[in-house]
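2 protein chains.
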Amino acid sequence: VKKLSDLGERKAIKIIESIISQGEIPVGIGDDCAALELNDDYLLVTTDMIAEKTHISNSMKPWQIGWYIVAINLSDIAAKGGKPLGLVLSLGLPSKTSESFLKDLIKGADDCASFYNTFIVGGDTKENSEITLCGTAFGVVEKSCFMSRMGAKHGDVVAVTGSLGKAAAGYLSLENDMDDEHILKNLFEPKPRIFEGVALSKEKIVSSCMDISDGLSSSLYQIKNLNKIGFKIYKGKIPLSQNLKEISEKIKDINVDDYFLHFGGDYELLITLSKQNFINAQICLETIGCNLTEIGRVTKDSSITIIEGDVKEVLPNKGYEHFKNNNVL
Amino acid sequence: VKKLSDLGERKAIKIIESIISQGEIPVGIGDDCAALELNDDYLLVTTDMIAEKTHISNSMKPWQIGWYIVAINLSDIAAKGGKPLGLVLSLGLPSKTSESFLKDLIKGADDCASFYNTFIVGGDTKENSEITLCGTAFGVVEKSCFMSRMGAKHGDVVAVTGSLGKAAAGYLSLENDMDDEHILKNLFEPKPRIFEGVALSKEKIVSSCMDISDGLSSSLYQIKNLNKIGFKIYKGKIPLSQNLKEISEKIKDINVDDYFLHFGGDYELLITLSKQNFINAQICLETIGCNLTEIGRVTKDSSITIIEGDVKEVLPNKGYEHFKNNNVL
Numbered sequence: 001v002k003k004l005s006d007l008g009e010r011k012a013i014k015i016i017e018s019i020i021s022q023g024e025i026p027v028g029i030g031d032d033c034a035a036l037e038l039n040d041d042y043l044l045v046t047t048d049m050i051a052e053k054t055h056i057s058n059s060m061k062p063w064q065i066g067w068y069i070v071a072i073n074l075s076d077i078a079a080k081g082g083k084p085l086g087l088v089l090s091l092g093l094p095s096k097t098s099e100s101f102l103k104d105l106i107k108g109a110d111d112c113a114s115f116y117n118t119f120i121v122g123g124d125t126k127e128n129s130e131i132t133l134c135g136t137a138f139g140v141v142e143k144s145c146f147m148s149r150m151g152a153k154h155g156d157v158v159a160v161t162g163s164l165g166k167a168a169a170g171y172l173s174l175e176n177d178m179d180d181e182h183i184l185k186n187l188f189e190p191k192p193r194i195f196e197g198v199a200l201s202k203e204k205i206v207s208s209c210m211d212i213s214d215g216l217s218s219s220l221y222q223i224k225n226l227n228k229i230g231f232k233i234y235k236g237k238i239p240l241s242q243n244l245k246e247i248s249e250k251i252k253d254i255n256v257d258d259y260f261l262h263f264g265g266d267y268e269l270l271i272t273l274s275k276q277n278f279i280n281a282q283i284c285l286e287t288i289g290c291n292l293t294e295i296g297r298v299t300k301d302s303s304i305t306i307i308e309g310d311v312k313e314v315l316p317n318k319g320y321e322h323f324k325n326n327n328v329l
Numbered sequence: 001v002k003k004l005s006d007l008g009e010r011k012a013i014k015i016i017e018s019i020i021s022q023g024e025i026p027v028g029i030g031d032d033c034a035a036l037e038l039n040d041d042y043l044l045v046t047t048d049m050i051a052e053k054t055h056i057s058n059s060m061k062p063w064q065i066g067w068y069i070v071a072i073n074l075s076d077i078a079a080k081g082g083k084p085l086g087l088v089l090s091l092g093l094p095s096k097t098s099e100s101f102l103k104d105l106i107k108g109a110d111d112c113a114s115f116y117n118t119f120i121v122g123g124d125t126k127e128n129s130e131i132t133l134c135g136t137a138f139g140v141v142e143k144s145c146f147m148s149r150m151g152a153k154h155g156d157v158v159a160v161t162g163s164l165g166k167a168a169a170g171y172l173s174l175e176n177d178m179d180d181e182h183i184l185k186n187l188f189e190p191k192p193r194i195f196e197g198v199a200l201s202k203e204k205i206v207s208s209c210m211d212i213s214d215g216l217s218s219s220l221y222q223i224k225n226l227n228k229i230g231f232k233i234y235k236g237k238i239p240l241s242q243n244l245k246e247i248s249e250k251i252k253d254i255n256v257d258d259y260f261l262h263f264g265g266d267y268e269l270l271i272t273l274s275k276q277n278f279i280n281a282q283i284c285l286e287t288i289g290c291n292l293t294e295i296g297r298v299t300k301d302s303s304i305t306i307i308e309g310d311v312k313e314v315l316p317n318k319g320y321e322h323f324k325n326n327n328v329l
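So the sequences go chain by chain: F and W. Letter 137 of the first sequence, counting from 1, is numbered 137 in our numbering, and no numbers are missing. Letter 83 of the second sequence, counting from 1, is numbered 83 in our numbering, and no numbers are missing.
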């Protein structure tokens, strides 16, 4: 008998996809959110579950756990250009959970929702043998503004918001007992690009978009496979987190590439768009304080090449599943 | 330090309510669904989580578990008169879970969604130490058709759809090793009143509505507390499930009242409406094959009296939390 541990998550999802009835929805499984038609808008819906043993570090404060479950759900809304309408939050908690843990968790969740001008509108509270949180976020975007994972075209610029490796820096500081609250915040208190997603979507200039929650290489491979295109990525252009630079200099025998190319948890946006539109997108995001950096180009041939000086290599799809395979958190 | 086991679920929910920011939403915590404004409609959202140790009987087939998580979420949409738009389903599963369990579970969930002309539009799959399922359903209802828990008025008829005690009959058959697949179906494969909810809401004749998932007494107390009214309930008028009647005759020393008054799991609708409207509601539901039975009246004084012949008693609020306190499933 085959077990999930033999199948792996990706195979399990394929099985689920093959069973469920395909509704007449324009965007379903395979994108960051499901999108349902609501007149001229799409209703965006996304859900994420995390559990104590596999996803929640002992070093996380209860407030941060609450922030985190809301933030990772909002990031999927951000990646589609959605304005959040609200969230529901289900809590599976052991009966030994303390009142103060519950209070801090809810405060963190509420603070994250409030930060993005949205609300927790409902939920469920049930007993569970481990802390298990399930958030569902919903949002709305004009159909013509929706940023799909589909649409990357040969010649397009590939760009990322902010910097990569921030969450990895937090992980490294934790692993090497260099606990620095400021650096850890990048890992435990991600800031989804809601305002940036909304601003970009209004410009209608993006050809494809997704969040980089699982790491840059994993995201690039997903866009590549959906669009039957490839990428050339200039390693030197990737905006490296200053924290990752500093921390990697203090640690022996570390391959920093593994962290900014493959490690997840940054919740930045990966976008493709034409060269002309890239400048407009940069200006648009600059006005709200966010950098947008070109890291390469979409190619016709379906491989992903990483270029550093004269060296061209195929980018491995390490597909880190953040908070899972690496057993960090 | 206070723990959740000291607080109980109701106190925990009060604490959560006191912390989260109140958005400008018309209906939030305290009703079956959250309702958010979408032009002339409300977007309805509800979420329910179940876990292996506390909510899922060993006697349930995987297909039934899938049906169940979808059905209980749709029941909340039904109680507000909503047309389902879709569901997302998060699965927390142990790594030892078999492929066939996953397939059957998803098939059950999909079959339930299809039965109600809706779809599973997305989800998440994560490792968990016990089977933990979290469903979120969303639906839509015209604002003017929304059936709130608020609005029961002195003099209104109190009525229920279908019959009560069906799920209890399944529970009793299980407890007494009289396993009858047909009777167990009522417990494990609830049929939310989606079509009935939509039909009733279109008539705009209901003054308040909720589903009876936690049992009749618990539901009556919730409507009473929200509306500052009371009820007189005629015990002889309560439509008893034929299965419960039959099974209770076979079991010694059973207080059948406990089962049709307090046991949950039937997922029928409890409604209040004026006497004139009651007849219209009956006709409306009859055309889609559903009985609607008057069981009593809304009273001015805020107590709930149960009447049988000359005997009047205060109805106890046993508030069974189905699949929890009674540790059945």
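Because the hints were derived from the structure by calculation, they are not lab data. Some hints could be false.
Copies of the same chain look alike in the list, so a pair counts if it works inside one copy or between any two.
Said to hold, decoys possible - With a straight-line Cα cutoff of 16 Å, these simulated EDC-like cross-link-like pairs (lysine to aspartate or glutamate) come out:
{"#": "1", "residue 1": "Lys232", "residue 2": "Asp111"}
{"#": "2", "residue 1": "Lys228", "residue 2": "Glu313"}
{"#": "3", "residue 1": "Lys2", "residue 2": "Glu99"}
{"#": "4", "residue 1": "Lys318", "residue 2": "Glu130"}
{"#": "5", "residue 1": "Lys53", "residue 2": "Glu130"}
{"#": "6", "residue 1": "Lys3", "residue 2": "Glu175"}
{"#": "7", "residue 1": "Lys96", "residue 2": "Glu189"}
{"#": "8", "residue 1": "Lys232", "residue 2": "Asp6"}
{"#": "9", "residue 1": "Lys224", "residue 2": "Glu308"}
{"#": "10", "residue 1": "Lys228", "residue 2": "Glu249"}
{"#": "11", "residue 1": "Lys185", "residue 2": "Asp253"}
{"#": "12", "residue 1": "Lys14", "residue 2": "Asp177"}
{"#": "13", "residue 1": "Lys96", "residue 2": "Glu9"}
{"#": "14", "residue 1": "Lys3", "residue 2": "Glu130"}
{"#": "15", "residue 1": "Lys153", "residue 2": "Glu175"}
{"#": "16", "residue 1": "Lys14", "residue 2": "Glu99"}
{"#": "17", "residue 1": "Lys252", "residue 2": "Glu9"}
{"#": "18", "residue 1": "Lys2", "residue 2": "Glu37"}
Verification of the supplied hints:
no.	hint	in the structure
1	Lys232 / Asp111	neither (39 Å within a copy, 44 Å between copies)
2	Lys228 / Glu313	neither (19 Å within a copy, 72 Å between copies)
3	Lys2 / Glu99	between (41 Å within a copy, 6 Å between copies)
4	Lys318 / Glu130	neither (29 Å within a copy, 28 Å between copies)
5	Lys53 / Glu130	both (7 Å within a copy, 11 Å between copies)
6	Lys3 / Glu175	neither (31 Å within a copy, 31 Å between copies)
7	Lys96 / Glu189	neither (25 Å within a copy, 32 Å between copies)
8	Lys232 / Asp6	neither (33 Å within a copy, 58 Å between copies)
9	Lys224 / Glu308	neither (21 Å within a copy, 71 Å between copies)
10	Lys228 / Glu249	neither (38 Å within a copy, 67 Å between copies)
11	Lys185 / Asp253	neither (25 Å within a copy, 60 Å between copies)
12	Lys14 / Asp177	neither (39 Å within a copy, 39 Å between copies)
13	Lys96 / Glu9	between (30 Å within a copy, 13 Å between copies)
14	Lys3 / Glu130	between (21 Å within a copy, 15 Å between copies)
15	Lys153 / Glu175	neither (40 Å within a copy, 62 Å between copies)
16	Lys14 / Glu99	between (40 Å within a copy, 12 Å between copies)
17	Lys252 / Glu9	neither (33 Å within a copy, 50 Å between copies)
18	Lys2 / Glu37	neither (38 Å within a copy, 46 Å between copies)
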